[in-house]
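Sequence order for the protein chains is A and B.
So in the UniProt record's numbering, spot 281 of the first sequence is number 281, and the numbers just go up one at a time.
So in the UniProt record's numbering, spot 270 of the second sequence is number 270, and the numbers just go up one at a time.
Since the hints were derived computationally from the structure, they do not count as laboratory data.
Heads up, a few of these hints could be off.
As the list claims (entries may be wrong) - Which residues of chain A face chain B? A partial, calculated answer using Cβ under 10 Å:
(1) Ala36
(2) Ala48
(3) Gln165
(4) Phe191
(5) Lys379
The beta carbon of each residue, even a glycine, is placed where N, CA and C say it ideally should be.
2 protein chains.
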Amino acid sequence: MMTLCTTAKCLAFYIMESGSEEDATCAVAQEDIVSAMLKVPKGTRDYAPAETRIRQEVIDIAVQHYKRHGAVTFDTPVFEMRSLLQKEDQYGEETKLIYNLEDQGGEEYSLRYDLTVPLARYVGMNKLGEFKRYHVAKVYRRDQPAMARGRYREFYQCDYDYVGQSGLMIADSECMKIIDDIFLELDLGEFVNKVNHKVLLNGMLEVCQIPSDKFKTVCSSIDKLDKQPWVEVRDELVNVKNIHENAVDALHGFLTLRAENPKMSNDQVLDTIFARSAGNANVEKGISELRTLLEYCTAYGISERICIEPSLARGLDYYTGVIFEMVITKSSFENAAPNAEESQVKKGKADKKAAKEDSNVGSVAAGGRYDGLVKSISKFDAPCVGFSLGIERIYRLVQRRNEARGLKVRDTDTDVYVAVSGRKEFKDLFLQRMTICTQLWKADIKTEYAYKAKPKLLNQLQYCEQNGIATMIIIGEDEVARGVVKLRDVASRAEEEIPISDVVVKVLERLGRQ
Amino acid sequence: MMTLCTTAKCLAFYIMESGSEEDATCAVAQEDIVSAMLKVPKGTRDYAPAETRIRQEVIDIAVQHYKRHGAVTFDTPVFEMRSLLQKEDQYGEETKLIYNLEDQGGEEYSLRYDLTVPLARYVGMNKLGEFKRYHVAKVYRRDQPAMARGRYREFYQCDYDYVGQSGLMIADSECMKIIDDIFLELDLGEFVNKVNHKVLLNGMLEVCQIPSDKFKTVCSSIDKLDKQPWVEVRDELVNVKNIHENAVDALHGFLTLRAENPKMSNDQVLDTIFARSAGNANVEKGISELRTLLEYCTAYGISERICIEPSLARGLDYYTGVIFEMVITKSSFENAAPNAEESQVKKGKADKKAAKEDSNVGSVAAGGRYDGLVKSISKFDAPCVGFSLGIERIYRLVQRRNEARGLKVRDTDTDVYVAVSGRKEFKDLFLQRMTICTQLWKADIKTEYAYKAKPKLLNQLQYCEQNGIATMIIIGEDEVARGVVKLRDVASRAEEEIPISDVVVKVLERLGRQ
């Protein structure tokens, strides 16, 4: 029986078994219910103010670059028609990770799995072509969460895509340029953009005499190579997916080309693949397009961080051309000299932990060309190329970099604190504080004051120190009577008396805004 | 039987009845499926780029004010434990509007209904007090959508709340100040903040001898007064909710006090209620607190837009103190002189339409004090006061104001377009365009160029005109050979030849950034 607890202060409801109406049962039941309510869903998390700020800074950097290239943004609902998201050939095996809404009103909806299919739906519905768009929003995947590695069930994506016709590799190379600029500005360390081409990949599979109806499943195995050793992937290919041993071993030769020759230039890698492919048309097409891409990357000044990687095989089915994946190869903070003493003490331990976690971070951005997607869900056709930033992973790297450098992120940007001081019997001076705050706010100066009637001056000082507020305006009854206030520098504790009428001007001066 | 279509280009799946495998069936089935996928869920909508920009500008204004007062932000998941959201005494009758997720993995979740309960959950979980926070995020209500009036099933909220102890009416009056500043800056017209107090309201119900166990249901009827005439509400109270006629008529005297005396001052309204209440303790307490609030509103310089309204009764159950609702009383664009000629032509018609829709807009912000909420879901106690902006409604007003004033919102902020020109046989000059763009991007100049190999100059000019891009850099084979480019002012069509090496400096000059 569902009933309300009869204890006066208990507002929680609980399931009461008949005959067990003692308070004890209620307390236990209430505790259970409270703890059941007082958590977040599995695989999700809250972000505290400082964490939210760091994440927002990452997003702001990305958006600034997207806008610099003329991208627009638009907004789509967080849930879409279930028939759209669960369509075959869309997310492949990952379809099972989609969250469905309860069918409460006749139509079936699901939470978006990425921002790409909603983009394609929007383009198909509105028959749009020829535009760049960015989209920052949360997506949902009912995957096994790995919180320590930044893998959540709810996470932000921060996508850039170009929809429309483009000269060969023109839009694709601009994607490379944007992503390169973003990671240079993020200052997370050395990075490399691994690049491959779906047509080249298919060509190599043909050369190895792998049957074309096995391409998708073979690519899905190849995609595991950054998490599993070759022996395991080989075993899966031969014994689970029934690919002939000779074909698998021939494939191995292509896949390890880059790993076994880390110093080979991109051109040499392409030359080597070409030499082994006996004129296969897809290999030739893929190589020719990648050479064009490399030429443009040189014009953009980013070619030294582009790495042709024949083993790259993105998991999703919808890619049709260039595919790429950005990885951090050496973090900027592993050897960074921390500023703050406290972090120097922790340095040794933190470094090892960071280094260990780094190797697990995986790709921080990924994308590619997907020319068939819009056509597959509408009667409109528009080629697309784009990428997605792994905001949660980047956020974790920025957070660790800040830690390593002893940087503290403030929760707010408050400039000034209007404090009150005086003897025990002093008045609350609320009206005076409000009047001064009103003037400061009017001048766009971020200002706070204590909500208590008679706060201790020490508490107000501590609040400023804890929150990094550099300036205090202190008023007391005597000062008010004389038409003055004290202006205090929180760090040095130096004070000067100024006329109340000068408060705004003096604070703007201190902020370098006048 | 679920099967894939056998037509080569058809990637959609459909339900195929045995024996009807003709292409015709497939085409029909596919068309149905495509149209079923190519829409957004009921009550939701996409926002196009210009719309997204306007909405973002509204949000930016609000957030700027929240930060000015020292508010932090944090982020919570879009879905919460179902037991939290569906708790009794939380959303009252509106609980049925909550979207549930399918139980796919053992735990039951629901989409958030507002940002207030997630805030209370966060505060209770982390035992936090004494902070101001803002939160901009989407919330979900399975209500009957009224798209024309800006009521959707998915919509943004933009909340400000203070959590923690505060001197009487101190945090409450700062809420009033913030909301007033935001609407002054939004420039939507004249507005008024209607204010009431839950304790005063309860006191008036006591004075009318309405039984206390009927308070909630009576308030729920009163809440309908801005949509329904008094005769209907009276009928509901007397005949459905069984309140004595004398009590209802006495109540009517309180509720119409403001409407019947629009010129009465706030103090006079409170005096009149006091005089009619025969020393009722709750009335006295409510009036005393509201007088303090009015005093602080005067110090903040906002009292002329505060209106004590005894008939205001917010629907949600969790309010315990001051409640308020901001309404636009006269829009700024009804009599606005439009700048652009074209909108002058449409003026008469647009004005009538706008005026008509305006009366339906309803409240644009609302909030109040809710001291019991955190305690009701956790073992932690923290009083709270805050409000929520009706972003969708405000957005619609801004959009109509811009229309009335002939303002056009650009989709992007692109500064420069790098164009190419030449004879039929001219080269694509992609590498040269990329090099120039790279320099401009590096100087944080928003730059685009055509993705076509040999675009017509006229098309490139039109693109600039359509997208409000003021400056073109035009290159051709001859110019490249001579190390120069043309700098063109799109509006005046004036051109000058400048050295390639001067491009960045000249553009920065034009942008007033050097």
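So which of those numbered hints doesn't the model satisfy? When the structure is compared with the hints, only number 4 turns out to be violated.
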